[in-house]
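Listed below are the residues making up each chain.
Number of protein chains: 2
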Amino acid sequence: MKTIEIREFHTPSSGIFFRARRRLLSERTPYQKMELYETDSYGRLLILDGLVQTTEKDEFFYHEMLVHPAMMSHPSPKDILIIGGGDGGALREVLRYSVRSAVLVEIDERVIEVCRERFPGLAVSFGDPRVEVAVADGNRYIRETDRLFDVIIVDSSDPVGPSAILHQKSFFAALKRRLRPGGAIAAQAGAPFFHLEHLNKKRLFLRALFKSARYYLGPVPTYPGGLWSYVFLSERIDPLRPLRRRPPKKLRYYNLEVHRAAFALPEFFKDR
Amino acid sequence: MKTIEIREFHTPSSGIFFRARRRLLSERTPYQKMELYETDSYGRLLILDGLVQTTEKDEFFYHEMLVHPAMMSHPSPKDILIIGGGDGGALREVLRYSVRSAVLVEIDERVIEVCRERFPGLAVSFGDPRVEVAVADGNRYIRETDRLFDVIIVDSSDPVGPSAILHQKSFFAALKRRLRPGGAIAAQAGAPFFHLEHLNKKRLFLRALFKSARYYLGPVPTYPGGLWSYVFLSERIDPLRPLRRRPPKKLRYYNLEVHRAAFALPEFFKDR
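Chains as they are written, first to last, in our numbering: chain A, 23 to 294; chain B, 23 to 294.
None of these hints come from the bench; they were simulated from the model. There could be a bad hint or two in this list.
A pair counts as met if it fits within one copy or between any two copies, since identical chains are not told apart.
Under the rule of at most 30 Å between Cα atoms (straight-line distance), these lysine-lysine pairs were calculated in the DSSO-like manner [what the hints assert, rightly or not]:
1) K272 x K100
2) K271 x K292
3) K100 x K233
4) K198 x K100
5) K198 x K292
6) K223 x K271
7) K191 x K24
8) K55 x K292
9) K79 x K271
10) K223 x K191
11) K79 x K223
12) K272 x K223
13) K292 x K272
14) K24 x K100
15) K292 x K223
16) K271 x K24
17) K24 x K198
I would like the entire structure built from these sequences, with the hints used as guidance.
Here is the structure:
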């Protein structure tokens with residue numbers, strides 16, 4: 023049987039490879055190149071502009087650590103905004119709580135359509151009556167809306183292509199204005215081992231913008247270096263206390279011990 | 023320029039690849055196949071029996087987390103034994119403390135010779151007067167010696183080839199007999215995301231053998247899934263308290279916060 027080989031470079035001369043039984047889809051959307059493969063080891067694999075976004079087998083590492091630290095640090099998160107996250111994974115995690123509303127703002131409608139069709143485990147929550155999907159530019163949405171949110175999740179792709187603006191200072195300043203008092207933001211923040219310089223620039227302006235700007239870490243096997251960073255942002259909440267006592271059931275990565283542990287930063291990644 | 027491509031499968035259909043400028047060495051020792059490459063992204067890369075052992079760029083993740091949790095949990099580690107670890111990385115970390123003696127037992131003399139010549143940053147400590155190198159089978163050494171140790175580090179390769187015995191119950195029972203009262207063992211324990219079943223079998227017999235048998239985790243970018251596990255074993259010491267207050271200087275990964283954090287286990291890896 024013919025197999026397809028897929029590779030992503032994590033450095034100019036190294037990276038990860040997958041063998042796929044078949045390519046399910048390859049298209050150029052108005053925003054990016056989207057590919058979908060069926061792999062033996064990781065189940066279905068979504069690639070945008072050449073970068074691994076998610077696989078069925080290991081997506082839980084990323085989505086649980088992107089969402090639960092912020093949700094569990096807030097005493098009562100009712101109205102949630104997700105910027106990006108068209109695959110539905112962050113939305114699924116958010117809806118494990120008794121929220122009132124969850125708005126998902128994804129620029130690329132095709133990502134949502136394809137994931138609803140091809141990643142049922144990820145996109146399981148789009149039909150939930152609490153969910154409102156806006157197909158829109160997240161940066162524009164956040165400047166135009168007058169709604170306020172308790173928790174905002176930034177599930178952007180890397181700072182190339184359509185997501186570049188979602189890594190800039192003006193975007194985070196706009197997010198801050200849409201946060202209710204006591205609200206919190208969690209954003210994916212890249213690979214600490216490979217993108218340290220970029221990360222540290224962003225860290226500087228985030229610390230200037232927010233009273234609490236704390237990076238945390240978690241593993242994601244198919245992401246560069248297997249280690250991913252996230253940033254927790256808030257004017258009032260300390261993500262280490264007080265935590266609510268009971269996480270949602272049936273999680274595969276997150277629990278309260280790993281929540282606290284994730285904020286312990288190794289020497290090379292310390293905030294100086 | 024011609025480049026060489028090296029790959030290691032982490033599952034039957036996925037893995038990591040490196041491009042190397044040149045192969046510095048490829049030989050069959052009496053125990054295993056040894057290859058050494060010069061890569062752009064990770065510096066020199068050592069492969070034994072097809073598996074990535076160490077790279078200059080990311081070895082600190084592994085060696086620091088293998089050694090420091092045990093060394094920092096012991097109030098006064100004087101006599102240290104390292105089983106395996108012919109590259110010298112664990113030895114280098116051990117000698118950051120004011121130890122009296124460090125015995126390194128490596129079965130394959132060629133690993134030591136090649137690393138002394140080709141990995142000066144790793145093998146920097148072989149000339150230290152506190153070091154005694156025994157070229158011997160670790161399993162046999164531990165049954166024949168009458169010496170006692172405060173800390174034992176098991177820096178084995180994976181449970182295939184010459185290291186297979188170093189993952190078995192009888193070996194750990196023999197190690198226990200060579201531990202001074204209050205002593206501690208740290209052993210590398212595999213990739214939790216890929217080797218969970220094997221790991222859980224071993225966990226069962228280690229828990230039966232030792233009062234304290236605690237797994238802990240740390241990232242290693244070039245190891246399968248980017249996440250590695252280690253096990254701390256002791257009759258008397260709790261690795262979470264009391265810790266000594268000052269780790270050695272100039273570490274790149276380890277500090278006291280990540281020490282504590284490493285013992286927080288994600289749901290899929292919880293000890294049940």
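Hints, verified against the model:
In this homomeric assembly, K272 and K100 come within 30 Å of each other (Cα to Cα) only inside a single copy, at 21 Å, whereas the closest approach across copies is 45 Å. In this homomeric assembly, K271 and K292 come within 30 Å of each other (Cα to Cα) only across copies, at 15 Å, whereas the closest approach inside a single copy is 32 Å. When the C-alpha separation of K100 and K233 is checked against a cutoff of 30 Å, the pair qualifies only within one copy, where the shortest distance is 22 Å, while the shortest distance between copies is 45 Å. When the C-alpha separation of K198 and K100 is checked against a cutoff of 30 Å, the pair qualifies only within one copy, where the shortest distance is 17 Å, while the shortest distance between copies is 53 Å.
Proximity of K198 to K292 under the C-alpha cut-off of 30 Å is restricted to the intra-copy arrangement: shortest distance 24 Å within a copy versus 37 Å between copies. Proximity of K223 and K271 under a CA criterion of 30 Å is satisfied inter-copy only: 26 Å between copies versus 37 Å inside one chain copy. For the homomeric pair K191 and K24, neither the shortest alpha-carbon distance inside one copy (47 Å) nor that between copies (43 Å) is at most 30 Å. Taking CA atoms no more than 30 Å apart as the test, K55 paired with K292 passes in neither setting, with 35 Å inside one copy and 39 Å between copies.
In this assembly of identical chains, the alpha carbons of K79 and K271 lie at most 30 Å apart only when taken from the same copy (19 Å versus 39 Å across copies). Proximity of K223 and K191 under a CA criterion of 30 Å is satisfied intra-copy only: 10 Å inside one chain copy versus 49 Å between copies. When the C-alpha separation of K79 and K223 is checked against a cutoff of 30 Å, the pair qualifies only between copies, where the shortest distance is 23 Å, while the shortest distance within a copy is 32 Å. Taking CA atoms no more than 30 Å apart as the test, K272 paired with K223 passes between copies only; the shortest distance there is 23 Å, against 37 Å inside one copy.
In the homo-oligomer, the alpha carbons of K292 and K272 lie at most 30 Å apart only across protomers (13 Å), although the nearest pairing inside one protomer, at 32 Å, exceeds that limit. When the C-alpha separation of K24 and K100 is checked against a cutoff of 30 Å, the pair qualifies neither within a copy, at 49 Å, nor between copies, at 58 Å. In this assembly of identical chains, the alpha carbons of K292 and K223 lie at most 30 Å apart only when taken from the same copy (13 Å versus 36 Å across copies). For a Cα distance limit of 30 Å, the shortest separation of K271 from K24 qualifies neither inside one copy, at 41 Å, nor across copies, at 53 Å.
For a Cα distance limit of 30 Å, the shortest separation of K24 from K198 qualifies neither inside one copy, at 50 Å, nor across copies, at 51 Å.
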